[in-house]
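Chemist: As a plain string of letters, each chain reads:
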Amino acid sequence: MPRIKSLYYTVFLVLCLSIQVALADDLPIKITNVWISEAPPAVSPLAAYASLQNQSSYEMTLVAVSSPDFSNIEIHLSLVADGMARMEKQPAMTIPAEATIELSPGGYHLMLFNPGKQFVAGDKAMLVFTFADGSAVSIEASVMKRNTAHQHKHHHPE
Amino acid sequence: MDSLILGKLNLRQYKTHNDLRYNAGMIKQLSSSKFLIPLMIIIALLATGAGFYISLKQSQQNNQVPAIAGFYWPNTKQLHAFNSLDQNNQAFGLEQMQGKWSFVFFGYTHCPDICPVTMSVMADAYKTLAPTNDDLQIVFVTVDPERDTTEKLADYVAYFNDRFIGLGGTAEMVESLTKQLGIAYYLNKEDSSTNYMVDHSASIFIFDPKARMVAKLAPPHQASQITDEFTTIKTFINAQN
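Chain order of the listed sequences is A and B. Residue numbering for the first sequence follows our numbering, starting at 53 and increasing by one per position. Residue numbering for the second sequence follows our numbering, starting at 4 and increasing by one per position.
Mixed in with the good hints, there may be bad ones.
Dumping the calculated DSS-like pairs for lysine-lysine here, alpha-carbon to alpha-carbon at most 27 Å [stated by the list, open to error]:
| id | chain 1 | residue 1 | chain 2 | residue 2 |
| --- | --- | --- | --- | --- |
| 1 | B | Lys37 | B | Lys182 |
| 2 | B | Lys192 | B | Lys103 |
| 3 | B | Lys80 | B | Lys213 |
| 4 | B | Lys237 | A | Lys141 |
| 5 | B | Lys182 | B | Lys192 |
| 6 | B | Lys237 | B | Lys130 |
| 7 | A | Lys197 | B | Lys182 |
| 8 | B | Lys192 | B | Lys213 |
| 9 | A | Lys169 | B | Lys213 |
A few chain A residues facing chain B, derived, Cβ under 8 Å [stated by the list, open to error]:
| id | residue |
| --- | --- |
| 10 | Gln107 |
| 11 | Ser109 |
| 12 | Met136 |
Looking from chain A toward chain B, a few residues come up when the C-beta cut is under 10 Å (computed) [as the list claims (entries may be wrong)]:
| id | residue |
| --- | --- |
| 13 | Thr146 |
| 14 | Leu164 |
| 15 | Gly168 |
| 16 | Gly174 |
| 17 | Lys197 |
Just so you know, the hints here were simulated from the structure itself, not pulled from any lab data. If you're wondering where the values come from, they're calculated on a predicted model, not measured in any experiment. Where a beta carbon is used, it is the ideal one built from N, C-alpha and C, also for glycine.
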């Protein structure tokens, strides 16, 4: 009897989840918390961070990010080994099925080269994320000041 | 009446006299005993021992090296002469490190992630520490002086705090500081001519007013941790002097 009950429960949960998926965005990738960190004057490249959520049941690979406001954008990973910091350029970034990858300070980030102007907190820039399957997502990123809350709690502004 | 009082007094005098005699007799008895001298020696030894124990305990407390990862004590590294230029194009060398506590970070301005993260953490720590530590200076040293001109450094450091110091100059000037401290960095110039990345130390180095490198704080950095560790180190080193 308890087994049947738990089976019903599971079916109910699965139904709830399917409804939720059906209601969600049509896009397999949901990009949130996109922000560009304000930098000292004349500093290039700038760094951008985001949260990439793969809502699909297949892996998605981010292959390029572009913007009319920057000459080029690269995906980098900051690594610290034996006290030495270095950045590793990533040719692509794979987001496994139903997984989320955070681009956050001290880890994965986008490097935005040669900003067309001095970006200050409050400014916006359009970023286009292109995936291996040919799909692309355009999203507006806000320029924000860094604060240590971003850096350690991985708490991104909405 | 008078004689009665007198008699009473006499009685008291007698009693006192008797007491004295009794006490004198005790002392005489004790001094004549074999135990007095060893007893005095034991008391003296115990007192000396107690005093010694207390002073040892106190000195142990002062010498208890704080358990901070990266604290070099007692193997600090003495900084020797070096020459560099600060963000105002003024000479900055050993003299400017003496008499002050310094946080030193080696980076480059084209570093978009680790460096600004570290600089903003140091800015937060400085905001907390500065009111009670007017002898604290925060120093950013570029390991990429070719691209990071002193003018650029001025804008860079001021963005985080207008009291921060930015050091650069020629490659040789930067080396006069990094080589003696064993600070490693590598310019990945083969990647591209202008957009090259630099591998660099991610640690924050603490120097005391004698210009000794006393600690190396490893990442990930947190302002509250830096503040606590600096305060502990400063208190400890001040107690040694």
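Chemist: Look at each hint and say if it fits the structure.
Modeler: Tested hints:
{"no.": "1", "hint": "B:Lys37 to B:Lys182", "verdict": "73 Å, violated"}
{"no.": "2", "hint": "B:Lys192 to B:Lys103", "verdict": "36 Å, violated"}
{"no.": "3", "hint": "B:Lys80 to B:Lys213", "verdict": "10 Å, holds"}
{"no.": "4", "hint": "B:Lys237 to A:Lys141", "verdict": "40 Å, violated"}
{"no.": "5", "hint": "B:Lys182 to B:Lys192", "verdict": "20 Å, holds"}
{"no.": "6", "hint": "B:Lys237 to B:Lys130", "verdict": "17 Å, holds"}
{"no.": "7", "hint": "A:Lys197 to B:Lys182", "verdict": "34 Å, violated"}
{"no.": "8", "hint": "B:Lys192 to B:Lys213", "verdict": "37 Å, violated"}
{"no.": "9", "hint": "A:Lys169 to B:Lys213", "verdict": "44 Å, violated"}
{"no.": "10", "hint": "Gln107", "verdict": "27 Å, violated"}
{"no.": "11", "hint": "Ser109", "verdict": "32 Å, violated"}
{"no.": "12", "hint": "Met136", "verdict": "6 Å, holds"}
{"no.": "13", "hint": "Thr146", "verdict": "21 Å, violated"}
{"no.": "14", "hint": "Leu164", "verdict": "8 Å, holds"}
{"no.": "15", "hint": "Gly168", "verdict": "16 Å, violated"}
{"no.": "16", "hint": "Gly174", "verdict": "16 Å, violated"}
{"no.": "17", "hint": "Lys197", "verdict": "9 Å, holds"}
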